[in-house]
Amino acid sequence: MLNKVMKFKNESESKYLALTISKSLDKGSATKNILKSVLNDIRQTTGIKTLKHYTKEVLSAYIKSLQERLENNELSTKTTANYIMALNQIARYLEDRTLQVSAKEFGLSVGHIDYTNKSASLETHNKFVEFLNSKADERYKALAIAVELTRAFGLRIREAIGLTKDTINKALATNTLHLTQHDGTKNSKPRDIPVEKDTQKAILKTAQEYMKQNHTQHLFSEKEFTRTQSYRFAQKAAQDFKQQTGIDYHYHKERHAYAHNRLKETDESTVAKELGHNRLEKTYVAK
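Sequential numbering of the sequence shown, starting at 1, is according to the numbering used here.
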């Protein structure tokens with residue numbers, strides 16, 4: 001791999017590396033564009049900025065992220081299939097067969113969605129929150145609150161991390177959690193979630209008090225951590241939890257739990273809007 005282009009620390013370098021890989025494998029512009037998207041996504045998701053650091057462990061973490069987004073309807077099966085194709089092109093470029101990706105091997109049912117109940121059980125949820133609260137590092141306390149928010153309101157973990165103090169204050173005053181692009185909503189789409197239960201109000205007050213005590217606008221100090229860094233910290237915490245307990249925890253399964261519980265109270269269309277979807281996918285309504 002001597003003298004091979006390896007860096008992709010920004011958009012420009014990702015574009016050049018994608019072009020280099022596609023040319024070396026005699027591929028066209030379509031492959032180049034997918035490679036560019038994947039390289040940018042790998043950088044944003046895992047934090048690495050050169051293929052010198054693209055290890056089997058990094059690949060496994062990235063695949064897990066793809067799996068979560070696929071099951072959470074944040075990636076289509078077609079996009080996921082294209083990404084897996086691009087990952088295999090990278091492996092060929094690096095001449096490393098151990099980096100080849102099998103959709104089946106990593107549990108990615110490309111072209112097929114498993115309609116089984118994917119909710120995080122209350123037991124698993126409680127164990128993960130307990131794990132986080134047992135840590136001395138203040139970031140784990142913030143993440144524990146974010147996890148409670150994901151289950152109480154069906155939030156994506158990025159949204160729970162990005163939730164602003166103003167949004168929480170207004171939610172407690174109006175009994176409606178109004179999310180906007182400032183809270184990190186997907187595609188900057190606003191949505192409203194009713195605040196009807198005492199448990200919902202309690203977790204909002206906990207988040208409110210935490211931000212007040214720490215003088216922050218978000219759960220994670222914006223002076224010390226970007227949202228991307230906070231998200232990576234959350235992913236690492238889930239990996240550490242699995243290593244310690246053997247339990248494979250996924251944040252998006254809290255959204256599934258919210259959907260299943262909410263469907264006992266209202267119709268699918270309402271729940272879909274609260275989750276930020278045009279319609280409720282079968283992954284959320286499977287019994």
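Careful, some of the hints might be misleading.
Stated by the list, open to error - Restricting the straight-line Cα-Cα distance to at most 25 angstroms, the calculated cross-link-like pairs of lysine-lysine (BS3-like) are:
| # | residue 1 | residue 2 |
| --- | --- | --- |
| 1 | 201 | 189 |
| 2 | 242 | 135 |
| 3 | 141 | 9 |
| 4 | 236 | 135 |
| 5 | 242 | 197 |
| 6 | 236 | 264 |
| 7 | 52 | 32 |
| 8 | 118 | 197 |
| 9 | 135 | 223 |
| 10 | 201 | 264 |
| 11 | 236 | 223 |
| 12 | 32 | 4 |
| 13 | 242 | 56 |
| 14 | 242 | 223 |
| 15 | 49 | 23 |
| 16 | 273 | 118 |
| 17 | 7 | 49 |
| 18 | 78 | 242 |
| 19 | 32 | 56 |
| 20 | 4 | 56 |
Don't read these hints as lab results, they were simulated from the structure.
Status of each hint after checking the structure:
1. For the given pair, residue 201 sits about 23 angstroms from residue 189 by alpha-carbon distance, which is consistent with the 25 angstroms threshold.
2. For the proposed pair residue 242 and residue 135, the alpha carbon gap of about 15 angstroms is at most 25 angstroms, so the pair holds.
3. With a CA separation close to 31 angstroms, the supplied pair residue 141 and residue 9 exceeds the 25 angstroms bound.
4. Distance check on the hinted pair: residue 236 and residue 135 sit about 14 angstroms apart at the alpha-carbon level, within 25 angstroms; holds.
5. Using a Cα cut-off of 25 angstroms, the hinted pair residue 242 and residue 197 is violated, with the two alpha carbons roughly 31 angstroms apart.
6. Simply put, residue 236 and residue 264 have alpha-carbon atoms about 33 angstroms apart, too far for the 25 angstroms limit, and the pair is violated.
7. About 20 angstroms separates the Cα atoms of residue 52 and residue 32, which keeps this hinted pair within 25 angstroms; it holds.
8. Annotation: proposed proximity of residue 118 to residue 197 holds, straight-line Cα distance about 23 angstroms (limit 25 angstroms).
9. A distance of roughly 22 angstroms separates the Cα atoms of residue 135 and residue 223; the hinted pair therefore holds under the 25 angstroms criterion.
10. Annotation: proposed proximity of residue 201 to residue 264 holds, straight-line Cα distance about 20 angstroms (limit 25 angstroms).
11. The straight-line distance between the Cα atoms of residue 236 and residue 223 is roughly 20 angstroms, inside the 25 angstroms bound, and the hint therefore holds.
12. Restraint check: the Cα-Cα separation between residue 32 and residue 4 comes to about 17 angstroms, which is no more than 25 angstroms; the hinted pair holds.
13. Restraint check: the Cα-Cα separation between residue 242 and residue 56 comes to about 18 angstroms, which is no more than 25 angstroms; the hinted pair holds.
14. With a CA separation close to 29 angstroms, the supplied pair residue 242 and residue 223 exceeds the 25 angstroms bound.
15. Only pairs whose Cα atoms come within 25 angstroms are accepted, and residue 49 paired with residue 23 is accepted, the gap being roughly 21 angstroms.
16. The hinted pair formed by residue 273 and residue 118 meets the criterion: a straight-line CA distance of about 19 angstroms does not exceed 25 angstroms.
17. Distance restraint check for residue 7 and residue 49: the Cα-Cα separation of roughly 6 angstroms lies within the 25 angstroms cut-off, and the hinted pair is therefore satisfied.
18. Among the hinted pairs, residue 78 with residue 242 is inconsistent with the structure: their alpha-carbon atoms are about 29 angstroms apart, more than 25 angstroms.
19. About 23 angstroms separates the Cα atoms of residue 32 and residue 56, which keeps this hinted pair within 25 angstroms; it holds.
20. Between residue 4 and residue 56 the CA atoms are separated by roughly 19 angstroms; this keeps the pair inside 25 angstroms, and the hint holds.
When each numbered hint is compared with the structure, violations occur for hints 3, 5, 6, 14 and 18.
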